[in-house]
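So the sequences go chain by chain: A and B. Residue numbers for the first sequence follow the working numbering, so the first one is 7 and each next one is one higher. Residue numbers for the second sequence follow the working numbering, so the first one is -2 and each next one is one higher.
Fair warning: there could be bad hints in the mix.
Cross-link-like lysine-lysine pairs, in silico, DSS-like; alpha carbons within 27 angstroms at most [said to hold, decoys possible]:
1. A/Lys1008 x B/Lys176
2. B/Lys117 x A/Lys102
3. B/Lys176 x A/Lys102
These are calculated hints, taken from the structure and not from any lab test.
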Amino acid sequence: MERLEFDELDKLSEQKEVFAPDATFEAPVKNIGKGHLFMAVEEVMPEIGATDLEVSGEIAESKGKGYPIARRDVMRLFSASAILGATACVKRPAEKIVPYVNQPIDFAPGNPVYYATTCNECPAACGVVVKTREGRPTKLEGGPEHPVSQGALCAIGQASIQSLYHPERHKSPLFQTNGHAKELSWEAAFDRIGAIVKGSKKVGIITKGSTGSQRKFYAEFLTKIGSKSENVFTWDANGLYSSISEAHRLAFGVEGLPRLELARASTIVGIGSDILDVGTSVVYHSKGLSQALSIKGLEKGELVQFEAVMSLTGGRADKRHVIPVGSELATTLLLVRALHEKTAAKGSKGARAVIASVLDANKGALDQAYDVIGVKKEVFEALAHKMLEKPSVLVAGGTASFDENATSLQVAGIFANILLGAYGSILNFDKGWSASPVKAGDMKRFVEASPDLDVVFVIGTDPSFSLPASYGFSEALTKVKTIISIQNFPAEVDRLAEFILPADHYLETWGDEEPVSGFLSIRQPAVRTTVNSRQPEEMLMWIAASAGAPMGYADYRTYLSAQWKSYYEMAGAKVDYETFVKAVLRRGFIGKLDTRTVGDLIDVKISLTLPESGLKLVAPFDHRLRDGSFAHIPILQEVGDGMTTIAWDSWIAINPNTCRKLGLKRNDVIRVEGPGGFFEGAVFPLPGLHPDAIVAPRGNGHTDKRSTISNGVGFNPLAAFSKAEDKVTGQPVTSGQKVKLSLVGKTYRLAAMQKHHDIGNRSDIIRTTSLATLANEGREKDLDSVPDLYPDILQRGDYRWGMSVDLSKCTGCGACMTACSLENNVAQIGREQILLGREMHWIRLDRYFNGEVDSPGVTFQPVMCQQCNHAPCEAVCPVLATTHDDEGINAMTYNRCVGTRYCGNACPYKVRRFNWWTYKWNTMGEKERDRNIKALNPDVTVRTRGVMEKCNFCVGRLRDAKLSAKERSKEFGREFRVQDSDVKTACQQTCPSDAITFGDLKNPGSGISKLRRDPRAYLLLGGFPEEKEYGLKTMPNVSYLMKVGADNESVAGSEGTQAPKHG
Amino acid sequence: MRALKILTAAVCILVCQMISTDAKAWWMWSPGDTVENSTQSMIGSGYHPDQPIDFPHNIHAGNLKMDCQYCHSAARRSQSAGVPPLNTCMGCHKIVATDKDPIKYIAEKYKRNEPVEWTKVHDLPDFVRFSHKPHVLAGFTCQECHGPMQEKVTAAQHAPLQMGWCIGCHKDNLDKGAKISCNTCHY
């Protein structure tokens, strides 16, 4: 069908034939049927679900409750406002302009200044570029040149802006006796602590993991004041660091974590792995995996995951096998056995002998293991065969790194990787490895050493919360006479402390990290301290000085400067040291990978015991809140868990079939009783879990009243665990203990967003294809050739902006949602409002399942405004508040909007968001419903009550890019256009998997133009153009790329289901 | 009856207080408003607030023919034209006219490292995103919007700064790349 061309709508009357009913204008809508996917388990198993209205968020928790203001108050406000307006007693505030006294050179007010620094939210140490405006940070982005972050940043890194300006940070040093806190001056605090330290000498430090100079400094401090340098105890709730490092020490005699270069791998096998959820370096691994799994010609890498829980890594997997809780070690050994039997297996003779002896010793257990874990021998055989053909790697971890076999599992993983020959290519252990930020068994050591300690500094970590109460940390700590808690945010451990000292946020401090050995990543302040806080290291310097043992450095920066000398010598720079440091600070990192020789595998034993059956509790990290250190950050609570889409809560995820068997329904409150205690929470039936797994995420359950955001949200599942330790390292166990369930007799609505803004279940929402189909039928597409009666509006402006989202790459991590909310001042609204379906995300993550509930395939789909060229919303606005601009963007003019919400109803993609209130959660302000202006982006309008809003393709960034192109054109006298590298939207910029591409569709060479022509490209609700079915014909500027399965299967894990009919 | 009136008044006051928390948002939507500490309307030209010192634009830009962008140097580089920092003033006034009262005032401020707080004259609503840079790049003179500042002492609002006025000029300059889509200024 040829494209119909009309200059003006008037001429339509002359084209009467197109209205003729028998014309072959387009095929009748017959193929766009119901999709085979489901978003909520209710759709396939209504008997265990909640009601439709509850799920879609169309009813309130209970009438009148949950609203910030009653309806009548609103009426009063409106009438009173009218009176006030009439009498003009509300005056517009006269704004002040306060210029600098001494303005820095090259500074222009209104222009951002950028600082390179290093994130400190986890030991991965991603490089960050901090955008500051007039001296205050407004947005964080991954350092584009930094080798760890490679330009991207996870949700937690993005959200550090909100923890920096958090109004509930400690504001002054406190002295606490019998639960009463008294404010102290810094001098008094240092004097008193100094006197105590001087009198005792038995001093210890508990600190969070770091790979930089910090720990060396702590050891130096302890030696200086007369204590022992071994008294530094490190604690990171993520057991992966210590188990990998300890396993390598056992296997090779040297500690460390190999640097995992996933991009070089073709087949990646994850055993319970959580590299995309938490892992050891989530951004780096997401980048690597995205490259490994991307489609190269007619080939594509493959991720095979064995797991008991439903992690984001499992959701991303091409094939997913469900195994019982605690059987990760058995699974790995079975794969090792299969690999070992193959002649193609690599590894030295000695190493193979060690592996053979371990396999022989466990032969009996391994023979039974196939039945216990429910995976057939042939699966392992086939997998081993495939893995040996091409570069492959095995990664183990996740919840399995919290159980008693954590270290043995990593040793088994090392066996597999030796047989695969992964060391030296994919796993770098002799060149550029990583040091473990934590030492295995440190908490055990602390509990044993605590009777000998008089003074303990707890710096930046909260073991009272992130260890099970049964582990006995808090009891051990209370035996210590003086506890000094140094935190940048109120922590549970503060309750036990005598002194509470407010620490700087990492954006206010100096520091360094060594994420890869030999490679230094520098942390520098991007802002002067925003509250009365100090840098922890400088506090120790002052304390040492008042204890009569000064450390001899003017400040921590001087100390660091001395540490960085070796890099100066290594670099061989021809400038003086100060200039060198300045240059390094500008870049944010320096270094060259260290090398070392690692010997062959040494004799190491593993004893395998097969897991018993029965319900077992697993407490994985919530990928946003981790061990709970980020529960006070509103945006992370609001983004929601990727898989369950639950926000502002904890939940107990259970396999739907188990739910049916036990008579549980969604939202039923149950009591989970473990050997160490119990907790209560609401049930969420989640497809894909092992039938025996009871999965309750960690991260919430804070009871500290000082944090209004996290207090009372969810529960802490660690309450059910009894004291148990890793058999090898002594790390605490927080996974796989047997539990009993009982109904409490209440229900509690979990704020799950999965069915909010539901766009129906049509087969043209998620489209999938296979490599074979692409090879046979794949040809370039022209998504814009849709027969259409409207005048052509695509060709007017200089640019036409478009976006493409690769469904094969999205992992559902939520970084885009976080970045978007922070860039565009999107409100956080809290649980009650989310229950009403009012969440404000401009970009949302829809999660679809397909196949059986026991082993489903998972697809994530980020949905933002599709910027339709024939936008249904524009036609219905009575006040022209939403209009189309000449560059293809559907513009929203907030000040014109009168809040009819017609547009929101007209939008088929359900991407428009209405401000029902001037939301209090946006604020994190001092007062309720007051906004903390410091945490807002000054370049984007803050919307108030009664206004519709939505994604605008970060139009402010586009304007800046066009302006600089214009500036260049003027400077060089020829026309410059905005290129791909000149502008990135906030979501695209931060995506750790590079799933989002954005650019100019008028430039045929741009990345976006290529992706819009890609054989995989399709339009959301755009029907099946290849069969002349054009769907809604909204003609969006956003296109999607179909999800591709690895082999000839079209969608991941969809064994037993038919591939979708189309594509 | 009297009790009822008192009650009504009390409710009104209460509501007024409730509103005041939202006041910042409220004024955005009410046209024809007035500015704090002033009876003048900010809508339309002529708004002329008091400033800490009567800075004589007429002497600097008029008599001495100094370029506007010598002090407002951010205008060509940034969205905001920028009010000069004190060190720009003190560059000359360490030597020039040190005996005059206003100079003594700024010298004292400079010595104490305190900034001068000026009152914003050209104050666009918060939902408008205006940038000086493209206008300067397109070759417009400052006077086209700000009036003959070289003849004035302190600044007064010259142009009405209402949307019709903006659009009028943008429509006349479409060939220079001016845009009239809503999201040029509103986002």
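These are the hints, each one checked on the structure:
1. A/Lys1008 x B/Lys176: This hinted pair holds, its Cα atoms lying about 18 angstroms apart.
2. B/Lys117 x A/Lys102: Roughly 5 angstroms separates the two Cα atoms, so the pair holds.
3. B/Lys176 x A/Lys102: violated (30 angstroms)
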